[in-house]
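Undergrad: Residue strings, one per chain:
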Amino acid sequence: MEQKILQKDQVGKLYSELSKVYTFYAPIKEKGNIVFKKIENPKDIVLDYLNSKIPPKSVLFPETEVLFEYKLDGKDVEIIDRQDLDDKILIFGIRPCDAYSLELMANFFSFHGNLKDELYLKKKENTTIIGMGCNNPRTTCFCTSVDGNPFKKEDSDIFLTDLGEKYLVEGISDKGKDLIQKLSWLAEAKNADIKKANELAKQAEESITTKMDVKEVTKILESSFQHPVWDEISESCIGCGTCAYLCPTCTCFDVIDETDDYNNKGRRIRIWDTCQSCLYTLEASGHNPRDTKIQRCRNRIMHKFSYYPKNYDLLGCVGCGRCIHLCPVNNDLRVILDKILKVEKKEDEKAIA
Amino acid sequence: MEKIGAVLIVGAGIGGSQAALDLGDAGYKVYLIESTTSIGGVMAQLDKTFPTNDCAMCIVSPKLVETGRHQNIDLHINCKIEEVSGEAGNFTIKILKKSLHINMDKCTGCGVCGQKCPVEAIDMFNEGLAKVKATSVKYPQAVPLVYAINKDYCIGCGVCEGVCKAEAVEYDLEDQEVEFNVGAIILAPGFEEFVPAEGNKYGYGKYKNVVTSIEFERILSASGPYTGKILRPSDGDVPEQVAFLQCIGSRDLREGQPYCSSVCCMYTCKEAVIAKEHMDQVNPTIFSMDVRAYGKDFDKYIIHAQEEYGVQYIRSRISSITEDSKTKDLILKYETEDGKIISEVFNMVVLAVGLNPPNDAEYLAEKFGIELNEYKFALTDVFNPVQTTRPGIFACGAFQSPKDIPETVTQASAAAGCVNQLLYEKTGTLITEKTLPPEIYVAGQPPRIGVFICHCGINIGGYVDVPDVKKYASNLPNVVLADRNLYTCSADTQTIIKNKIEEFHLNRVIVASCTPRTHESLFQETIREAGLNRYLFQMANIRDQCSWVHMHQPKEATQKAKDLVRMAVNKARNIIPLERIKLSVTPKALVIGGGITGMVAALNFASQEYETCLVEKEMELGGHAKHIYTTLEGGSVQDYLSDLIQKVNSNENLHVYTQAEIENIDGFIGNFKTTLIHGDRKERVEFDHGVVVVATGANEYQPKEYLYGKNPLVIKQSDFEKLINTTDDIKNKKSIVMIQCVGSRDEERPYCSKMCCAEAIKNAILTKEKYPGVEITILFRDIRTYGFKEKYYRQAREAGIIFLRYDEKNPPNVIANDSQLKVEVNTPTKEVININTDLLVLSAGIYADREENEVLAMMLKVPINDDNFFLEAHVKLRPVDFATEGIFVAGLAHCPKPIEDSISQANAAVSRACTILSKDEIEAEGKTAVVNMARCSGCGMCVENCAYNAIELIEDRRFGLIASINQALCKGCGACSGNCRCAAIDVLGFTGEQIYAMIKGRL
Amino acid sequence: MVLKMGVEAENQNIEKSMIETANNLLKNKEVDVIIGYSKGTVPLSSAPIIIRREEDTDKLIWNNLCYVNLAKYLVPLMPQLCDSEGNSLKIGVVSKGCVGRALIHLAVEKQIKLDDIKIIGIPCNGNINRKRIEKEIGESEILELSIVDNNINVKGKDFEQSFPFDEYLNELCKVCKVKSPPNNESLAEVCVGECLEITSVEDDFSDLDEYESKSTEEKWDYIIDTLRTCTRCYACREACPMCYCHLCFVDQNKPIWFGKTTEISEIITFHLTRAMHLAGRCVACGACSSVCPMGIDLNLITRKLEKIVKGRFNFTSGIDIETLAPMTTFKMDDSEEFMLEED
Amino acid sequence: MTVQTVDDKSINENWEPKIIAFLCNWCSYAGADLAGVSRIQYPPNIRIVRVPCSGRINPNFIIKSLTDGWDGVLVSGCHPGDCHYISGNLVARRRFAILNELLEFFGIEPGRVNFMWASAAEGERFANLIKKVTKIIKELGPNTKFKKKWC
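As given, the protein sequences belong to chains W, F, Y and R, one line each in that order.
Following the numbering used here, the numbering of the first sequence begins with 1 at its first residue and continues without gaps.
Following the numbering used here, the numbering of the second sequence begins with 10001 at its first residue and continues without gaps.
Following the numbering used here, the numbering of the third sequence begins with 20001 at its first residue and continues without gaps.
Following the numbering used here, the numbering of the fourth sequence begins with 30001 at its first residue and continues without gaps.
Hints in this document: simulated from the structure, not taken from any laboratory.
Treat the hints with care, since some could be wrong.
To be verified - Okay, derived cross-link-like pairs now, DSSO-like style, lysine-lysine, Cα gap no bigger than 27 Å in a straight line:
hint, chain 1, residue 1, chain 2, residue 2
1, R, Lys30018, F, Lys10555
2, Y, Lys20331, F, Lys10300
3, R, Lys30145, W, Lys71
4, W, Lys153, W, Lys177
5, W, Lys166, Y, Lys20157
6, W, Lys166, W, Lys43
7, Y, Lys20039, W, Lys43
8, W, Lys37, R, Lys30145
9, F, Lys10822, F, Lys10722
10, W, Lys71, Y, Lys20254
11, R, Lys30147, W, Lys38
12, F, Lys10003, F, Lys10097
13, F, Lys10229, R, Lys30135
14, W, Lys202, Y, Lys20157
15, W, Lys31, Y, Lys20157
16, Y, Lys20307, R, Lys30145
17, Y, Lys20307, W, Lys211
18, R, Lys30138, Y, Lys20219
Said to hold, decoys possible - Heads up, incomplete: computed chain W residues facing chain F, CB under 10 Å, no partners named:
hint, residue
19, Asp257
20, Thr259
21, Tyr262
22, Gly286
None of the values given here were measured: they were computed from a predicted structure.
Cβ coordinates follow ideal geometry from the N, Cα and C atoms, glycine included.
Input sequences plus hints: build the corresponding full structure.
TA: Below, the structure is given as structure tokens:
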């Protein structure tokens, strides 16, 4: 394992080197929000952050994305595919939970290899991820309950640990190790650095106090689709969809065709969509299988904690806590999962009685 | 003798056109005869109309277009009546159609002939203030849009024949005699404006800046000689001081014009207001004797003119006008009310000329065998002002007596109502319905669009590269055929279009030519004959809105034409066949109110064998007329009333409910259901009907002023009428004082009650006749004996009845004085005159009961105005209709008016109603609003926005509270849709998708 | 001299009398349920709650962090607020001024029946501008918020900061003239608790002066800068009590009037059209801004809407149920100074 | 799946504005016809869309025209009181008043969208106002703000 040191004032240097090869994405602060943007000036990069407002999925799966363009010539149609899919992408400074989410999305977009969303997968393949450990997890974080950890490294190609005045740089994947090799100017890490990094990781993990038996939740959900607990869970929800829009694992999108009659061309684009919107399932006939808020609220939970595990044998949640602290009606996922866990107990109590 | 289901209407002004539309809609064949070359009469010449300041052209032209293309109206222009024979029910008419020297069937109205004509003639439409060509059309929006050659000016150069690509110019075309049979005749020849004779004292004809009101009307008009700028003829300067002189050729014995022309006070005020509105520098001053603002909302208009527009009123008749030969200004000399002689300079003078009978009145009277009155207007029945002296022949409008537009329209409908009564069995017998092929089913098929591009002779082709547009159009999506024609509207092109539809299986048709306003229906008819739904049609206006306005920019015009065609194609790709929904009609009528108005209406319905329900809240029929004994003209009201009641009670189709109260009215045009409770025993009756006539009347004001109710010597005019007609109590009275405008024209009721002046004069004359010794003084603000009633005003003065004017701000003071009363009058000359009187008679006005009218208005969803009278759909052109279809208003419920006017309105309401009742089913317009129930959230905004009450909120089982549109009431205006946030309402024919497609047509 | 009561004391008073009123309503069976706010699980939040039993009323709170407009739960009516047959229960709604206004205007638009509702009026003393405080604190997690001596004290793991209460209120709360639900004759049956007898609202809208004095270009730049982070999640719409359309214009197809992408013109058309739709209807509750995950502040637009309808039609939404909303009616002499005239 | 429009035609030197005009059928459209019948010349920049009444004009039409790239929008109806449908124009007037204020508030140049009344008898006025509108929009330059970009 190669371990190097990147001084904080060397980030600019790193950028200028890597941005020659990669489209360089990193967190910046835009109107008070941390978001991942293509970096034009390394000074914009903010690495001392809790977590980004919009998850970095937006790099590979932006809010608005062109699928293809077409041109009309008389009665002929020419399809112009995306030309930029082979570009190399680098995501710098991503949190472990979000790095994991990109993997989960890749799972979804390949659907066991049966159907492939080339757009996402190709970009993902060409992406190098430089993750960064989470020294100060929020109180709303619960990655440790969902197969994660604030210093989970395996989803990154290179992993950074903030040691205060410098970063510990670790190559994780082969791709990452190769890259570090190329960055010959990086200093070697000292044992003390590694030790400090391990301490920080331990501290961070311990600071996460929310612990939930999510496996149990998955089990309970299998038999509680029609349980009245959903009434209670959805009670305060106003269906705003913030939870889904800001969820790093939500992958739903709507497809729109835009025509430019003037220039005889057009394009197909996709935009984010959310199952929390009543229109999401509205059928052309006017029938809506998920007509009520209760059904829509349930779908989100079921999708993350029951359907996804069933389809991919993985949880659909990375525990980033965005939906918890950004929900405008404080419909706390932790409370929701707790309520679900209590369903079982109540059932048990009934059985005993 | 067999009755004929056809009607002759002489004169196609607004009156003739209205009567023709009513009767055409009611299923009669109508021969509409016009002496000039286009219809519309004087109204088409007007700029704005009072009291709403409506644009005359805007409101009249749709009506004229409708008249011009009505299937049952046979329009003959440039005609003269030759012979009339026969009798009521069956007349034979011979007319002479004078040659236009242009073939009407071929002329497309493109106007090239007029442009190329080298000879100028005087433009009579613009009152000689402008020039036209010898080959011309009366005015740009003329109906029918056919050019004519004026032989008086034509030099026979043949240019027009050469340029007419439609080959319509037939110089030798001869006059033609036409003969036909009709069951009834309506005379609506209108009036002739008074023209001051040569050497008149106003200097008209001598001084350039003295113009008549009708000339001034053209000056005001945006389409007039100065495009709406107020300029004086002598030098084109803006006249700052403009004097309007009233009663020119009216109320003037010396001019041989003794009657009042009824309309001049109002139109003068309107002209003054509009002049001020057009140019703020203009300061109008009006010289008048009495201000006769007796109609609905007229007084408010006068007050508004004074307060908002600074229009000055001077109560004086000017004594002389002289011209300053240098400045061409005019010096007016006049005496003020308090006797001062004033000389004042004005920049321009407008003579409010009166209305004379038509020039050919005597000719018409002779041909039709009717009598004229002393002023050579049509002599008509005292109680039924449209009935001439010959049965089967009716007169309406200004030919009957000078009157304004709403009264003309009312009388036109009233005449039609009387024709209905006469010929009802024959409705539908002479009209032919076209047999059309079944519609080709096109729903769901991809659009196959055919585009026909018109050269319009050189009108389009001369400026727009039509072959290029054609080439362009043929490449547009879904266009399977692009064709070009010399005249797309010509008869042979219609055949071509039909053939192409078949050959190319077209399912959408576009014509790129002139304006849809005049030509859409023609092409719609054509495609319908070829089996396409008439709504599968679009027009691109590349003439009126393109080639004609960009004559010097052929490149840009061609580009624009392409754009317009592309936009039309885009829309056409989204159009769908529309259906005109048919609704059954219950051929029964409900008349609310059992006064004279209600009874006349009910009896007219019933005599046409429509089952009719007449509802009266009192114990007995008769209403307000129970207190009236005679009319000013001498008709016996009590005889008329008892005869009417007897007829009403004996008609088997008529159900009379007295002591009745309406509980509920549900439904809509053609399909109402009413529940009422009647009689002592409060029985409940339910009644289905197709129309409603509101004739609920109004009440006599109970005075609070002038010691009424406190002193027995103070009585109301109606009480006085009873005394003088039924007792001899008046015999011993020495002096009687009458006060006018009690409870009228005040702050609470700012309107004129219209009949009080006549009532007072009538009773005063009768008193004077019975007891010549009684001294009678009438205290008035304005004496409003309009029309021929002026005669009685004169007669009263001649009989020694004293008329004293008092000022509104300084009303008479009444002091009780033992067995007498002392009346202090402050005259405008600032004198105080004291009159000791034995009897004070108050002319109490008419008021409408707010609570009662509100209840009914709510039930019918119709509006009432600020004065609590019912508010008609349109003050000018729909005086007895409500905006809500199938409901009509007549009589005092509408506004105060004398009996004969009420009777006219009753018959008019019947005529309007017969356009519905005569049909088994009515067709709703295809282009209506529709609700997408899944989108509607029932906020109710559309309900409030709809002026026709066509929308209501209903509870749907699936979608909850949603808007629902009554297709029968919807006019397709889209006010609902424009405001709908979630686009739950769309307007067929102008859907969001279609307009979206047009927006996307940008090039 | 009257001492101004401290915010803490105010909150306690409000809470106390609110709980008492709620308790009585439930006890007297005047309502079946009460919608109110309860304590949130994270700092700077509150959680709307439905109370069904008298003994639960002590869960109700008032703490200047009660952002959500509770009227939202009534349109459409949540199944949780219906009986087994789908009919509305009798609902008591804890109402600050803007919630009351929303309920009244919703009744005007026939979306709710006030017969089924009790407006539990509270004299709102404003909502804290959470977004502003979060922005100022930056990338540190706030763990605790308390109000002491009219200051908002914010604590985190390694920091503590204080903000003056009056200054850190939501911009709309600062200029709010209807702090308690409006009450008048026609609403007497509906309103309980502390309400405001009011027939018209006077407002000089001077807070808009600064923005309105900008040039058109500056306005455009400002609007772009404000809205460019919008992700088109429509949380603003979902939180808005007046956005109850079954199918919002932006979600419609055939035709799609406005695009749904994050292209700036499409973002702006969405907000412009939404503003258009809220004219004369917006009750200035600020829920849209409060819920925006990107922290976009829409209060200027809200104020402008209020100003337009007040200035042009002398109308304030949600004040009484009798007056027709401005877009549903018209006057012959409505001003038309914007109409083009010939030179 | 849904369809919408974009375009990115660049502006050249001889730029001429394209103006879309929504005219009510009964007054303004008739006024436009009268201008034609009277052969009053005006700039060829407008493209007229006929609607039954100014009341039909949903703000969507106007905003969409701008996003679609029209350089200017003109809306014209009957003068108050003249409406063929009694009060459609009065209902619309409130709507237009609000939209007009909001457009400016959002930073759209005043004059990009214009509202007017023209009667069936006002051919001259119609033409004059078209001249005026064309001039205003020419001075404003191409509509770049609202026009959807082909990003």
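Undergrad: Does each hint fit the structure? Answer for all of them.
TA: Against the structure, the hints:
no.	hint	in the structure
1	R/Lys30018 - F/Lys10555	15 Å, holds
2	Y/Lys20331 - F/Lys10300	18 Å, holds
3	R/Lys30145 - W/Lys71	26 Å, holds
4	W/Lys153 - W/Lys177	13 Å, holds
5	W/Lys166 - Y/Lys20157	22 Å, holds
6	W/Lys166 - W/Lys43	16 Å, holds
7	Y/Lys20039 - W/Lys43	41 Å, violated
8	W/Lys37 - R/Lys30145	24 Å, holds
9	F/Lys10822 - F/Lys10722	24 Å, holds
10	W/Lys71 - Y/Lys20254	23 Å, holds
11	R/Lys30147 - W/Lys38	25 Å, holds
12	F/Lys10003 - F/Lys10097	26 Å, holds
13	F/Lys10229 - R/Lys30135	23 Å, holds
14	W/Lys202 - Y/Lys20157	18 Å, holds
15	W/Lys31 - Y/Lys20157	24 Å, holds
16	Y/Lys20307 - R/Lys30145	25 Å, holds
17	Y/Lys20307 - W/Lys211	51 Å, violated
18	R/Lys30138 - Y/Lys20219	21 Å, holds
19	Asp257	14 Å, violated
20	Thr259	8 Å, holds
21	Tyr262	7 Å, holds
22	Gly286	5 Å, holds
Hints 7, 17, 19 from the earlier list are contradicted by this structure; the remaining hints agree with it.
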